[in-house]
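Peer 1: For reference, the chains in residue letters:
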Amino acid sequence: MDASNRDALSAVVARQRGRGRLRSATVALGAASLVAAGAIAYTLPSGVTHTATTTAGTAAAGGSSAHATSGGSGVAAATSSGTGSASAPAASSGTSHATSGGS
Amino acid sequence: MPAGTAGPATQEASASWQALGTGVQLTVTDASQLAAARAMLEADLAAVDLACSRFRPDSEIAVLDRAMAGARAGPVTVSPLLAEAIAVALRAARLTDGDVDLTVGAAMNAVGYDRDFTLVQRTGPAVRLTVRTIPGWRQVEFDEQARRLRVPPGVRLDLGATAKAWAADRSAARIAAALGCGALVSLGGDIAVSGQTPAGGWRIRVQDVSGQPEDPPAGPSTVVAIHGGGLATSSTAARRWRRGGDVLHHILDPRTGLPAAPVWRTVSVAAASCTDANIASTAAIIRGWAAPDWLTGLGLPARLVDEASQVRTINGWPAETAGGNL
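These protein sequence lines are chains R and S, in that order. The opening position of the first sequence corresponds to residue 2 in our numbering, with each subsequent residue numbered one higher. The opening position of the second sequence corresponds to residue 16 in our numbering, with each subsequent residue numbered one higher.
Just so you know, these hints were derived from the structure itself, not from any lab. This one's a predicted model, so the numbers in the text were calculated from it and none came from an experiment. Nothing false has been slipped in among the hints.
Label-pair ranges, simulated between beta-carbon atoms:
#1 Asp73(S) / Ser94(R): 41 to 47 Å
#2 Ser94(R) / Pro168(S): 49 to 55 Å
#3 Ala92(R) / Val91(S): 46 to 52 Å
Ideal Cβ positions, reconstructed from N, Cα and C, are used throughout, including at glycine.
Extracted from the complex, chain S is given alone in its bound form (with noise of 0.2 Å):
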C-alpha cells in the first residue's frame, strides 16, 4: 500500500514511555504490530541518545567534545548516525541564518541547563546572565562525505533543537516500511507519520506542553489533523526554571546566548517532515515579531499564541476561536 494513504480499517494502538529526556508516544495503525515497532523505535532512540547526548559522558559527542578541547585538535571521523545528525543541525542553521545553532552548548551551560532536564533544578540562586555571541555554526567544519569534523576549542554543540524530530522523521520512516503499517512517532511533541493514515487523518492536540492525549490541556489548545509529513511545536512554556528572580527557558537566541525574548509562547508548525516543522517553529521563537513574515514567506501552515495567549494562524492553519477548538 503507498505510504500516506488511507487503508483498511485495523485497530490503532499506542505505547508511551520516556527517552532522549522527553515523552516518547508511538501509535501504528495495526495493533499486531505495536510490539515489534516499539522494539524498533526503542533501539533507534537508544543509538540516538549514544551518539548525540550532551549529558552523558560516554556518548560519542561528549567524547568528541573532550578530543577538541586540545588547541590544535584536528578533525576527527564521527559515526554515520552522528554525521547525519550533525548535518541536519548544519542544515538548520543555514536555513534559519543561524537562528537554530548547534553552537549553544556552552551558552545552554551558562544559563543553567547542563543536565539532563529532569535534574535541572527547577529553581535556584540568581545566576549572572552575561549577553554574549556564540561561536556560531560557521566555526564547525564538517566534511559530511568522508564524515570529518572540526570544532574550535571551547565551541560545545548541542544538537538538542533539532535531534528529536530529526529521530521522529527517521523511525517513523523506519518503522512504516518494516512493518508496513502507519506510524506517528512523537517526541516531546515532533511529530513524524509515516505510512497509511487513520480515517480523517493523525489527530494531533496543540497546546503549549506536551502531555498524554487523554489528559486536558493547560492554556490554549487546538485539534487539527495530518496526512503526512510532521508536525512540531516550539514553546517557553516548557523546560522553564528559575535562578533567583529571572525564570529561564530552553530556546536560546544566538545572537545573545540568553534565552529567547517572549513574544511567542508556542509556535506550531505543519512541514514536510518534522525536522523542516521542528526547524521552523524554533526559528519562529527566535524571530520574535518577524516570525509571522518569515513563516507566511515560507508557506508554511502555522498556529503562534503569543504571551497574552492571543492565537494567530497562517498559510491554512485553521482558523480558530480564542481559547482553541477544543
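Chain R extracted, bound-state conformation (with noise of 0.2 Å):
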C-alpha cells in the first residue's frame, strides 16, 4: 500500500470511529429498526409462532421444506425446523461435535 493510501485508509479509519461514536448514541433507533424489519426473532424464545413473515416463502429447488430464513425475518427459521431458540450457549467441555471459526 503506498503513502497516499495509508494517509487514505487512516482518514476512513478515523471516520468510522467518528460513526461508532454515533452508532454507539443511536444504537437503541438501531434495534427498533431491526425489529420493525423483522429481526425480532433473535430474542423469541423456542418454540413462540408468528405470523410476522413479510415476504413470501420460497419453493428452493429440490426442495419439499420451507424452511424460508428469506422471509424477512427469523421467525420461519425458527417455526420450520422446530428449534430456533436464541437462548444463550452453555458452558461445556469434552468432545466436540464441530468448530466454528472463520474459513
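Mind assembling these two chains? They're in different frames, but the hints should get you there.
Peer 2: Written out as C-alpha cells, the structure reads:
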C-alpha cells in the first residue's frame, strides 16, 4: 500500500471511529429498526409462532421444506425447524461435535 | 418426536468433506441415517453452488452477471433457489444498515479474492488499494414474488457473506425433517442444528479458524453447547492473504471496499438460525468498536475476541477465563 493510500485508510479509520460514536448514540434506534424489519426472532423464545414473515416463502430447488429464512424474519426459520432458540449457549467441555471459526 | 428435543440415546455419526470452497461437516444423531443425510446435503450444496458461486462461469449468478453487463439490460427471472439466496442477502443488508452488503463483488475482486479461495495466491506483489464506496444493496432491484432481478451495469453480486449460513439452515432442517433424526450441518464453521438434540446439547468449540474437532485449536477457544438454531463465527484470521506488505482478509467494509479495520479478529454469535447468527457476526466484525453495544441491543449471545486475544462475552454467552475453557 503506498503512502497516499495509507493516509486514505487512516482517514477512513478515523471516520469509522466517529461513526462508531454516532452509532453508540443511536443504537437504540437501530435495534428498533431491526425489530421493525422482522429481526425480532433474534430474541424470541423457542417454539413461539408468529405470522410476521414479510415476504413469501420459497420453493427451494429440490426441497419439500419451507425453510424460508429469506422471508424477512428469522421467525420462519424458527418455526420450520422447530428449534430456533436464541437462548444463550451453555458452557460445555469434552469432545466437540464441531468447530466454529472463520473459514 | 418434536424437533429440538433430546430423544433416546442413539449412536451419533459424522462425515466431513469439502464443498462451496470450504469444509463441510455433517453429524446426525442416528448413525444409520448418515449416508442418506450426506446424500441430501451433497445434493443441496451442489445446487447452491451452481446457483450462487461467483467463481464458476456456469453458475446462474455468473450468467446473470454477464447478462446484466449491458447498459440497458432489463430485469431477468431467476431460479427459486437463487431467489431465496438473494432475498436472504438483501435481508442481511437491510437488518445491518448495509454492513453486510451483497454488492461487494467487484471490491472483492479488486482486493484479490477473485477465485475460489483455494486458488487465491497467499502471497503476491503489492496491489493498489483504493478506498471506494461500493454500489450498495439499494441498487439491487428485486421482486421476490416474481423472482425478477435487475442489477445495474458494473455491480457484481457476492452472496458469500450469507449463502453458507443459509444453506446450513436449509439443509439441517431438511435432513432432520426427512430422516427424523437430529442433524448438525457446518459449512466452514457456520453451524445449523435441527431435530433431536444429543444429551447435553450440540457441543461446539469456538475458535479463530474452523477445523476438525479432533485437531487442537490455534488461539483462544471455548466449548459451548446449543440446543437449537445456529451458531456462526466470523473471523479476520481466516481467508487471509498478503499483497506486498499488506495482510488482507475477506470481510470487506462496504463503506471503503477494503478489509474491515482490525478491531475484532473473531466474533461468534448464537441465534435462532445460523443465518441470523452469521449476519450478526459478520456485521460485528465490520462495526468494530460499536459491535458490542449493537449486539447487546439485539439480545444476541456473543463472544468477541480482539486483536490482543482478549475475550468479551455478552448477553449470556458463558464467561471464560483468558485463553478459553478448553
